[in-house]
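J.: One letter stands for each residue in the lines below.
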Amino acid sequence: MGSVVSLLWPKNEAALQHYLTKVPSQVLTAASLFASVPGESVSALAADAKQRVNRLNDAPAQIEERLHQSLVLVEALDRAHAQNPVELVVLNEDVMQHSKTAALWAKSRGVPSVVVSHSSILGRLYTVHREDNGGTLAVFGRMGAVPHTDMGMPAERVAITGNPAWDVYAVLAERRSAVRSEMFARNAFSANDHVVVFATTWPAFFTAFCDAGHYEKSLRAAVRAVRELRDLDVPVQLVIKERSSNAEKGAEREAILREEAAGFTPVVTDRDLESWIVAADAVVSVDSNIAVEAMIAGTPAINIWSPMSWLNGPYFGAEDGVMDVRPDDLAVALARVLGDPGVREQLTSQARARYPEFASFVGSAAVRTADLLMQTRKPAAASRYVWQELSDPRGVSEKGRDSVYYRSPRSDMIARLRRAPRVMLDIGCGAGATGAEIKRLHPTAHVTGIEMNEQAAALAQGRIDRIVVDNVETLDFEQAGIKSGSVDVVFFPDVLEHLYDPWRLLVRLKAFLTPDAQVLASVPNVRNLWLLAQLGAGSWQYEEEGLLDVTHIRFFTKKTVIELFEQTGYRVGALYANGDGRVPEINVPSGATVNVDLPQMTLKNVSEQDAVELRTLQFIVDATPGA
Amino acid sequence: MANDDTLVSFKTGAWKSTGMAAGYAQRMRENRGTNRLKNHVEIALCRENICGRRIVDVGIGTGRGSLPLAHDGLHVTGIDVSQAMLDQCRQEAGGAAIDLRAGDLTKLPAADEEFDSLIALNVAVHFPNWAVALKDWARVVKSGGRLVFDVHSRDHLNAVGALHGCAGDDLLTPQQRTDPAQFMLRVTAREIAREAENNGLCVVALIPYAAVLGGGNVNYWLLGSRLFGYLGDRALSWMANDERLFAFGAFIERTLAARLSTHATGRFMVVLEKSRNDGATQTVLAHQDRMASLFAGVPRLHGLRKASGETVDGWPAELQLHLAYERNRTLLAMALTSPFAVRLRPLIRDLAGEELTRELYDANERQAVDDGVYEAVRSWRRPAPGALHFKGIDLGPVFEYDLMREMLDARYFSKAQRS
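Chains as they are written, first to last, in this note's numbering: chain R, 374 to 1000; chain F, 58 to 476.
Note that these hints are calculated values from the structure, not bench results. Any given hint could be a false lead.
[Unchecked claim] Computed cross-link-like contacts, DSS-like style, restricted to lysine-lysine with a CA-CA straight-line distance of at most 27 Å: (1) R:Lys977 - R:Lys932; (2) F:Lys472 - R:Lys590; (3) R:Lys384 - R:Lys480; (4) R:Lys423 - R:Lys395; (5) R:Lys480 - F:Lys448; (6) F:Lys472 - R:Lys622; (7) R:Lys480 - R:Lys395; (8) R:Lys977 - R:Lys931; (9) R:Lys812 - R:Lys751; (10) R:Lys751 - F:Lys448; (11) R:Lys395 - R:Lys384; (12) R:Lys931 - R:Lys883; (13) F:Lys164 - F:Lys192; (14) F:Lys448 - R:Lys423; (15) R:Lys751 - R:Lys395.
[Stated by the list, open to error] Estimated spans, in silico, between C-beta atoms of each pair: (16) F:Glu367 - R:Asp702: 34 to 40 Å; (17) F:His132 - R:Asp606: 58 to 64 Å; (18) F:Gly272 - R:Lys395: 40 to 46 Å.
Yeah, the Cβ is synthetic: ideal placement off N, Cα and C, and Gly gets one too.
Could you build all of it, start to finish, from the sequences and the hints given here?
T.: Now the structure itself:
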């Protein structure tokens, strides 16, 4: 299973979900990528960014922080790619910093990328939108493709998929009267009210061809036009669809409403846009894709014209089924659209004929987009089988470098300490993170680590008191300088299952322990529901790490892990369970049992205790020597 | 030329299907987009430049050019190689008396000097052998009669090519240069004059049009402007249902373009007379030369008046009235984003005054701001190009989006707000 990097916005997630049902993949998001880079690398990259920006005399403000983010993202992408090949990068808009970084990373690493349009560019591509970062572009319709091919983008890299976010109209438009009733009821509109939806504009400031005052002008025009109609006793309700990008405009908007509405209260909302468009009698927008949504929904669309409409476009031609009016003419236009069935019919029939040019495949766009993702992905070549790790020393060392096994302190085990350790053995200490944390908490503790992975052991050097690089199964403790009867705490963090003879080790160890020593061992649980489901379905798939780590040679359940200690001369004082997030909650009524259905088998009579065990990833055994 | 023969037979056959005929009829009736303006201009030019009552329409098609003349009460004969077109034309004519004949445009089925005037709309543009046809066209017109037909202008293509430092033909798409289906005859004013003389005709007028018709009627001066190409056509399409915009379009074609030379627009209407009047031809060519040299420099209103020989004219005032309408101003502003239009600024100032001129050229200033800021968001990293290379990736471009917004705000929008 390869991975896919997704920087999609939530509204286009559906396409990715379709893709994942066909190509199960590990999904890497911006958040997970940023979180995957260890703190020390993040700090190192911050220093790197500072040094790089220092080489530029004339760098704009904030470049250092921004560069740092991109460095971390590239680092994260490279790490992810090395662990599990990235087969595809999918983005919304490859112009913004993170998306563009990911797009350029993909281009440079030979990973295919797909840019899903977040809206259809119907006019001119200006400034930052003109660059081609090498991805395949998914556009909504032929009209959305033209500006890009016109700029020289090869036609084979522009695919018409429709807009996944507009699939909903296929359903909503069928239910028009129900949707209308629902929206009317929710807002206490009366049945003979006309509803006008006005969608505010957002001056984007990416080109000087932008009218900074247009938010105010167009909103004022819409409110005034509706008020004028209401003054003539035309029952009109105004719904103002606000956008989250206009969050800072609240006060300005309220002032305009106070001045222009004079006695009526428009609904202001940033929700249910699709339902409102379907329920409305007219949709008024400002050079926006919302007019296209109205065309799809069969609702008459009016565009508020300004000189910038034409200088940046125009978005719409005379035959597209969108009425184009100057702000001052909006009241008259609304009166015609609301009052003249002929005008409505002309607009909606033109729109019906034209909208597929703007938005193809309404209802199946998510599936078409997923198809494009599948066609574009580059399946990772099976570069290495898991078993090869066993014979390839590189495998072990790479694991040492990257794995959380080796790098993170086992705070779950540290929490189970019953006393401050005096002399501690950390068997399988990795990079020494656990020992270092213990020494921080208990500065008088003397910690000896035993680790056979040389790379990891090298990192542990200096973090704990002593490091023994050897295989614990064959290690002569005395020769290694460990005094008999001296050790009062032993950690086995997911180590015993890797040993050929863990029983003998536990027996040998006893001579070096104090009589009241605490032995804490974390051991993976094979009576795990996820594992059982896999086995029931015919799979026992070794992996690079986890429950079925290919280097595991012993397997334990709750019952047998207790036996492991009891049969070698220890007393198990307590047993803790680390849960497994992959296993869903099993609800067992108190004192009863349930059957748990897996795809190919059923576990019968599962008690509350069973349920806990089935949801356990690792047990933490707390044992002391003595029968 | 064998090539030409193939092309002629291809072009001759192209209109013979009934589907094609129905399509042409549709285009004639429907006033969509700038088609409405094209019909308006071409029919008016025919009406105004023919003489007499017996008119022959060569390549009549579905009757677009001459049915209006028939409705005026003139006696119209239509000739077309395509029976399908003639059938469709008969249908379009309704009850109007019209004489339809099937025949080839180089061998018209008509007697010598049978007609007072000949029109041929959108016909010569398809035929490389137009000069052969012209000989036969001259035969069927009586002495003193008129021939009115349109061609694409090679003068226009060459003039714009010179501005862009290339040959005129380089402005065409590769398909236009090689695909016979896209062949368009392009001739110069002097070629027209020469062929006229060869056939005992004189040139009465060469009337430029198609400044703002869009579509296939490309005005190459607009190359690089916001009125060029499919987006420009989209703006022009609103002429179909915006009367003031349509009136402005008609003014641009009929009043402005018509005053200029064949360099000005992509198409012109040829008006010839069957008479030996070399003086008339020389007058037309002299007007051509005056206009061409005027626009090769920085034209001013007084120069324009002098070149066109006008002493009293109302068109500057009419232009001001059209520009009172915001959409008309926007259309003109889009046209003035052409790289060529910088030179027109003094003329525009003469016509529209300082304040309006500033508004009309505001788009050029905004474009300069865009270009400048876009350059700025890229140039800061040039002195140390390696500084932003990380693991083989140039990260410089990733900051452009945010920087564009911030620098535009600092350098343009905030400044505009302050002032």
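J.: Are the Cα atoms of Lys480 of chain R and Lys448 of chain F separated by 27 Å or less?
T.: holds (13 Å)
J.: Compare the distance between the alpha carbons of Lys751 of chain R and Lys448 of chain F with 27 Å, and conclude whether the hinted pair is satisfied.
T.: holds (22 Å)
J.: Given the hinted pair Lys395 of chain R and Lys384 of chain R, is their Cα-Cα distance within 27 Å?
T.: Measuring from Cα to Cα gives roughly 20 Å; hence the hint holds.
J.: Keeping to a limit of 27 Å between CA atoms, is the pair of Lys472 of chain F and Lys590 of chain R held or broken?
T.: holds (20 Å)
J.: Sort out whether Lys751 of chain R lies within 27 Å of Lys812 of chain R, counting only the CA atoms.
T.: Judged against 27 Å, a Cα distance of about 47 Å means the pair is violated.
J.: Run the distance test for Lys164 of chain F versus Lys192 of chain F: straight-line Cα separation, threshold 27 Å.
T.: Holds. Lys164 of chain F to Lys192 of chain F sits at ~10 Å (cutoff 27 Å).
J.: Is it true that the C-beta distance of Gly272 of chain F to Lys395 of chain R lies inside 40 to 46 Å, as the hint says?
T.: This hint holds: roughly 44 Å between Cβ atoms.
J.: What's the verdict on Lys977 of chain R and Lys932 of chain R, does the C-alpha distance respect the 27 Å limit or exceed it?
T.: Between Lys977 of chain R and Lys932 of chain R the Cα gap is close to 18 Å, so the pair holds against 27 Å.
J.: Has the given pair, Lys448 of chain F with Lys423 of chain R, been kept, meaning a C-alpha gap of at most 27 Å?
T.: holds (17 Å)
J.: If I claimed the Cβ atoms of Glu367 of chain F and Asp702 of chain R lie 34 to 40 Å apart, would that claim hold in this structure?
T.: Roughly 37 Å apart at Cβ, these two residues keep to the hinted range, so it holds.
J.: Mind checking the alpha carbons of Lys423 of chain R and Lys395 of chain R for me, to see if they're no more than 27 Å apart?
T.: Cα-Cα ~43 Å, so violated.
J.: Does Lys751 of chain R pair with Lys395 of chain R here, judged by a C-alpha cut-off of 27 Å?
T.: With a Cα-Cα distance of about 14 Å, the restraint between Lys751 of chain R and Lys395 of chain R holds, given a limit of 27 Å.
Comparing the model with each earlier hint shows violations of hints 4 and 9; every other hint is respected.
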